[in-house]
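First to last, the protein sequences are chains A and B.
Take the first sequence: its letter number 125 is residue 125 in the working numbering, and every next letter is one higher.
Take the second sequence: its letter number 130 is residue 10130 in the working numbering, and every next letter is one higher.
One thing to keep in mind: the hints can contain errors.
Straight-line alpha carbon distances no greater than 25 Å define the calculated PhoX-like cross-link-like pairs of lysine-lysine that follow [stated by the list, open to error]:
| # | chain 1 | residue 1 | chain 2 | residue 2 |
| --- | --- | --- | --- | --- |
| 1 | A | K88 | B | K10054 |
| 2 | B | K10379 | B | K10361 |
| 3 | B | K10570 | B | K10857 |
| 4 | B | K10565 | B | K10379 |
| 5 | B | K10565 | B | K10651 |
| 6 | B | K10570 | A | K88 |
Please keep in mind that the hints were generated in silico from the structure rather than gathered at the bench.
What you are looking at is a predicted structure, and each value in this text was computed from that prediction instead of being measured.
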Amino acid sequence: MDNNNIPPAEPSGGESDRQHDEPLATRGQVVAKGVALGLGLAALSLGRQSGRAQAAASTGGPHLDPTANMSWEGWDNPQLQVQDGWEKWQTILNPEHLPIYHDQFEKIDVARPRHHWVMVIDLRKCVGCQSCTVACKSENNVPLGVYRTWVDVYQEGRTVPDPAGDIVVDGRRYQMDVNVMNVPKLCNHCDDPPCVEVCPVKATYKRQDGIVLVDPEVCIGCGTCINACPYGARYMNPVSHTADKCTFCVERVDQGLLPACVLSCVGRARVFGDANDPQSDVSRLLADYPHVVRHADLGTEPQVFYIGMSGEIATADDPDIQHMVFTYTSNANSIAATD
Amino acid sequence: MSWNDTEVSRRMFVVGSVGAASALATLWGSWPWLPGMFHRRGTYVYPMRTELWKGVDVRYSVCRQCRSDCGLEARVYNGVLMKLDGNPYHPNTTEPQLPYATSVEESLKVAAPHSLCARGQAGRQTVYDRYRVFFPLKRVGPRGAGQWQTIGWEQLIREVTEGGMLFKNAPGEENRYVEGFADLWRQGNGPNTPVDPKHSDLGPVTNQFVLFWGRSEPGQATFLTRFATAFGSINALPHVGICELNHHVATMQSLDGKIAMLKPDVANAEYVIWFGANIYNANFPMQTLARKVAEASADGSLQFVLVDPNTPNSAGRAQRHVKIQPGGDAGLIMGMIRRIIEQHRYRTTFLSVPSYEAAQKAGELDYTNASWLVIHDSKNPDEGQFLTAAAAGLVPVADPAAADPVVIDAGSGKPMRATQSVVGQLWPTGNLSNRPVTVNGIACQTAFQVLYEEAASHSYAEYAQIAGIPESTIHELATEFTSHGRKAVADFYRGPAMHTNGVYTGRGILTLNFLIGNIDWAGGYITGGKAADFMGAYPGAPYDLGKWPGPKGSLPAGVPISREKSFYEKTSLYQEAVTAGKDPFPTKRPWYPFGYGIWHEIFAGTWNQYPYPVKILLQHEANPAWSAPPGMSGAPDESLPWFRMIKDVQKVPLYIVSDILISESSRYADYIVPDTTYLETWGMLPGFPTTPTGTIGVRQPVIEPLTAKTPSGAAMSVEQFLIDVARALGLPGFGQNAFQEGGSLTRREDYYLKMVANIAYYPDYHAKRGSQLVKIGPVPDAATPLERNAAERWQSQYGSALSPDQWRKAAYVLARGGRFEDYDAGYVPGALVPTQMTYQYGQAKLPCQIYNATFAKTHNTLTGERFTPVAHWEPIRLFDGTPLATVDDPRKYPFLLSTYKQPIHSKARTWADKWLVELMPVGYLEMNPLDAQRLGLRDGDWVRVWSATYPKGVKGPLRTMPGVRPGVVSFPQSYGHWHYDAGQWTINGNTYQGDPHLVTPVRLNACMRLDPSLTDAEGWGTCMIDPVGGGADYYSTRVQLEKIPAESVHALQV
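I would like the entire structure built from these sequences, with the hints used as guidance.
Okay, here's the thing in structure tokens:
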């Protein structure tokens, strides 16, 4: 099928050029050529992928046939599937074997954990740029169409005739009011997480330091937790077919690094840290500024706090209320909050 | 629990259809008809290995997803680029940036944000794009037919070099001989052969090779220019004319002619007015400005005003948002200038300082020409020029100071050379009097009088009407702007500038800053830190890269095809006409002494073969078929001017494109040279004025380029293409003995690594030591294992490029992705709070030009009209001077068309990044809800939009947005692709399909107006252009629209 992989038509003298000059008639030959190119690891997956060209992966190369070329979709990349310890999920999710909780979350406090990770989002500084959204996608290989975090960016306001208004159009005066609102959203890592309690197989849990996680090797993909989350923060991973969500980039936090969305927050609106440390930035912000959580009324005790929130905005685009600027038009896991 | 009752609505994937699918997750697997996105085969790889994980290489380089040039941090594992973040040493990304002396090992553990924006994060999808072109392609059908064959590298080089009947198999081209590089080079005689024997000042025949680019930056642009220069062509031209050219020209012509941009010192400013600068969404650098503004706004130190008919994301934090009438910015600005002068709210002590020496004495950092005398006598041949000391009778004509400007000295009340006076009078004939003063029998005004006369030529009511705002807003802004001492700034970008009156408007904005004397002061308008000199022009530099061994051509470099950076008045064409007693005006196409990189005039020069015919057009990283100039392209319609030009094989005999894929434009190429993406190439990237400290980022390949290899084993790239063509021709400066210091240039690294060495040895970067700034000289040698590894990667392959000593220092720079002064070096130390910038415009000893005397003697070469030397409002006009308002009837075309940039895209190339596309797969025509209501239009309705010069119009969906000024319709800039990772093409007989979901509305550039006074008898014309700057007008087109039946859109679905 792959006589598309025809190399430059003109013969040329160089050794490396000749690798492209020979017609590659079969997948097998592509594999062989890939090995010859020193990309053996890349080629190993080809047999498995034969006939599913749209499944993205490194397939060696380069090729003329786009479907044989590498594109970035994050999974099935054989050059990353190296057995170096990174594939051990349990280790990545909880390297220090912190106690985990599936219910009775009030006992976490009693255990006096060393850390309690939280995020503070200072909406005065959010610039609505979606850097966090894409940083998360990239760091966590989140497939297209679903999100662990996103930023609702809206314009609201109206223009009305007004003899004292701020603009003059064709000799008539209007008051044109417009505001832009940006609200980053993500899993709240609730202290009383309803999503965890409902899991029938105890695949999802809360770590003692506050991080709510899913063990994809235990998850059966029933979706109960996804419906149980009132914030739309969980989704079904279309590749693994298991429930998926924000992890606070647990593998980074455990190494003393920042979560990807915080590391890349352009406005420095996202602040991550240990609420148990009174000297931490998050503790100081929470001490100094009024803050709210999303849907405090639900009793879930979210651990993502917002400074400068003036009324939440909904993810649904309803021009009678507010006007979407951009983002998450394809966000299938985002739900409408209703206040 | 109550939350179970929360109504859940989920957004379906395709825009426009919102459906309830809340049960999706629970019914997983039982809904096989769901779009593919919900179910994908494969094995999920858990997140990216961290920067501390064993086997992960962290490489610092520089982004190019937009032109902000932020340092990047690339995580590479097993040869795969996994993740992009910001380089913590780079001031664009990190505040404060890591001290430069920090070891690379330490830098990996940094626990502070070091950000890259969404565009930058998504760059991985630009490099790993399955539709990339990896092999040289040659067209086999007519231009644009999408029929290709692969050819070997040697065939590519041979054919473009030697020329021949290259396309004899294409219909109509059976007998067409195509001239190659060798036909122009003529074995080295080309650069000495005039392209027009009667006008040798137009330069040599080799100027018929025209190289232009959309994105190429210092370092790489320098390389491209080296080739053009060595070949004997002046035509190595950037894209500025469709970008923000008028902003640059206004800035340069208000300063020293070189500095193209100033920026506010945001950290210390109290008040900033941003005219059309799209803060938070874009600008220079987008993330750095956004971060600084967010911080200063949150802590209350900064109040800012947006002047914009659209609504950038920063509007939520702005103290005031002036929704200006497009093209009317100068109404507000000139009104403010008038008000500030009449209310005496300008800084007299600064404006009356007439020279650098006087500024030193007065404690000023700069001076202006406000007090200089200008000849005000229509009978005097030097009318409009500064009165000279000789003309004033102050010194003999032969005196070295004969040309010095003259002021009325405030102390003596007498004329005096500006360099001798301490204070020059602004009002020699009385406060606010414009009456001339007579010196040596010559009637004169001060430059300040000329400015005031101009500002007072319209009433406040007229200015308010022009700006579409109440008069009170002008007065309030004038008061607010002048209430913060030197800690206020008026800054701008594309919005006010890219109109036919853009340079004058920009001159007004610079003038506002001059009126309060804020240049070079902390909290004022600043130049930013310098870039280390990578070209090695400083004494003792390892490599002087601006020169190379070889014969000099005997002809002047000549005039660019776009007639830019060229005074028509100085050409033999002008002199001949004058000598013959003929009117030298109009010229066939305009000339632009102040502008540069004017795409529309590259194309117009090509079409009109003026001032000479083009033989070879080489396009690098550009997509003009999609990206403008306005009205000349932007839709798949070959009747548009750009397509007519490019399909004409007589006017464009050879069209070579260096590209990373078959885009809307490269589809028309004769040859496509497979190029490397920014993650596989080099560059030396200066900082922007937003950053006070010295900054030079080094872009270096973070992965092995994915392009195929040449016979010599080099990755194919535009540089390798030029090197191999140069070697085939025997050009100086390439191949053997390519450098002054010896050594060969056979691979691009031979050149770029020398730039890195020049940066490493640059002597003039500062560090704060106690209360002093001291120069620190060259960088230390690389000391740690990771630092040495950073160079080893290159030294192992290109060891001969540098000496062993140089390698050790280059390693230090390569390991850190550039060279950066430390955070505390930006301000002159010694004060409790920052007062002066370390880098000052004033150090050049040149004036701030309230009055530009060169403008006063330079002409619009169509009308012969002279340019206005001071800030000035004029209506939007065609090039021949006709006011646009008399051409397009507002009743017939009731809306003004505008456009803006979102923070999730920049140029054409970000459309390959699905993480960005999925955020908003479709663009909309945006309209104020009040206008929509009047027209009975609703969100999601489809409309057709057309203009006087594009009656067939463009269709797209409508979205109401409260942030669009009534009477304006707008659209985000990034959408409406039709052949970018999309479309269909054939290579070697096999047909390939792009992704159909990437063909989505809407792009309205095709509707943007062409200028009938710049349109020829065949109907081929260019956009509306600022005659002073040369920049295209993007925001003045009047359009009409009508509702049409909705069309289906197949948005992103993978």
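Now for the hints, and whether the structure bears them out:
Restraint check for A:K88 and B:K10054: the C-alpha separation of about 15 Å stays at or below 25 Å, so the hint holds. As the CA atoms of B:K10379 and B:K10361 are separated by approximately 38 Å, the hinted pair breaks the 25 Å bound. For the hint linking B:K10570 to B:K10857, the alpha-carbon distance of about 12 Å falls within 25 Å, and the restraint holds. Our distance criterion of 25 Å between C-alpha atoms is broken by B:K10565 and B:K10379, whose separation comes to about 30 Å.
Taking the CA atoms of B:K10565 and B:K10651, the gap is about 23 Å. The hint holds against a cut of 25 Å. In summary, the hint linking B:K10570 to A:K88 is not supported, as the alpha carbons are separated by about 73 Å, beyond the 25 Å threshold.
When held up to the earlier numbered hints, the structure conflicts with 2, 4 and 6 and fits the remainder.
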